[in-house]
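Visitor: Let the hints inform the model, and build the full structure from the sequences given.
Keeping their order, the protein sequence lines are chains A and B. Start counting the first sequence at 1; every next residue gets the next number (our numbering). Start counting the second sequence at 116; every next residue gets the next number (our numbering).
These aren't lab readings, by the way, just hints derived from the structure by calculation. Keep in mind that this is a model prediction, so the values were computed, not measured. Among the hints, a few may not be true.
Just a sample of chain A residues kept apart from chain B, beta carbon distances all over 12 angstroms, derived [said to hold, decoys possible]: (1) 13; (2) 16; (3) 40; (4) 52; (5) 77; (6) 83.
Derived CB-CB ranges, DEER-like [as the list claims (entries may be wrong)]: (7) A:79 x B:129: 44 to 50 angstroms; (8) A:39 x B:178: 30 to 36 angstroms; (9) B:131 x A:54: 42 to 48 angstroms; (10) B:126 x A:38: 21 to 27 angstroms; (11) A:77 x B:217: 24 to 30 angstroms; (12) B:129 x A:69: 43 to 49 angstroms; (13) B:195 x A:28: 29 to 35 angstroms.
Derived coverage of chain A by chain B (criterion: at least 3 residues anywhere in the stretch with Cβ under 8 angstroms from a Cβ of chain B; other residues may be distant) [unchecked claim]: (14) 41 to 48; (15) 103 to 115.
Backbone N, C-alpha and C fix where the C-beta goes; we use that ideal spot for every residue, glycine too.
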Amino acid sequence: ETGVTQSPTHLIKTRGQQVTLRCSSQSGHNTVSWYQQALGQGPQFIFQYYREEENGRGNFPPRFSGLQFPNYSSELNVNALELDDSALYLCASSPNSGSGADTQYFGPGTRLTVL
Amino acid sequence: DAKTTQPTSMDCAEGRAANLPCNHSTISGNEYVYWYRQIHSQGPQYIIHGLKNNETNEMASLIITEDRKSSTLILPHATLRDTAVYYCIVRPASNTGKLIFGQGTTLQVKP
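Guide: Below, the structure is given as structure tokens:
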């Protein structure tokens, strides 16, 4: 069974650019959540996708957007990058949405550096 | 959303049990307690979760007090590879089930 995978591993962008991060969910999981983790902080919830629809959003501006595909893989897009967007971006998949017992399993993350 | 309180850091001798406490006094009746750990710059790793009863798996044991206001994660025989930040999370009773991470406890296992 393949776990959650993310690409790329590392990425360097300049301020104002746009970036797309990718996530493949664990086999059998139809829900993907994205988190941002700044250095020295715990991960912060960005949004969740369930069956290709956004299913909840944290306190992030609209320039953070996402997609989920029919195979349940997902993309996180960030427009107009700012220096503060430099962080580890984590993707987590879970078997289904709507239950407090749906365990989320995390991928290794993408380290984004904005210069 | 229920908040958790954890000590900032703890030390444990290799081979001994590591007991990591967590307070969650505002937890609601249908909210689960989850534990994850994160080794430097890697993705968080799921450890265990519980609702009311104590739980045990191959990684750890979770002891939840009867009033559910606190819990303890027990690593029975800590190794150097258990050095990590440990997060105690109360899973909100919402459709999203988003995880709200605090600062966690940095556990240092020493030889």
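Visitor: All the hints need checking, so say for each whether the structure fits it.
Guide: Hints versus structure:
no.: 1; hint: 13; result: holds (19 angstroms)
no.: 2; hint: 16; result: holds (26 angstroms)
no.: 3; hint: 40; result: violated (9 angstroms)
no.: 4; hint: 52; result: holds (16 angstroms)
no.: 5; hint: 77; result: holds (20 angstroms)
no.: 6; hint: 83; result: holds (20 angstroms)
no.: 7; hint: A:79 x B:129: 44 to 50 angstroms; result: holds (48 angstroms)
no.: 8; hint: A:39 x B:178: 30 to 36 angstroms; result: holds (32 angstroms)
no.: 9; hint: B:131 x A:54: 42 to 48 angstroms; result: holds (46 angstroms)
no.: 10; hint: B:126 x A:38: 21 to 27 angstroms; result: holds (26 angstroms)
no.: 11; hint: A:77 x B:217: 24 to 30 angstroms; result: holds (28 angstroms)
no.: 12; hint: B:129 x A:69: 43 to 49 angstroms; result: holds (45 angstroms)
no.: 13; hint: B:195 x A:28: 29 to 35 angstroms; result: holds (33 angstroms)
no.: 14; hint: 41 to 48; result: holds (count 6)
no.: 15; hint: 103 to 115; result: holds (count 8)
Of the hints listed earlier, the one the structure fails to meet is number 3.
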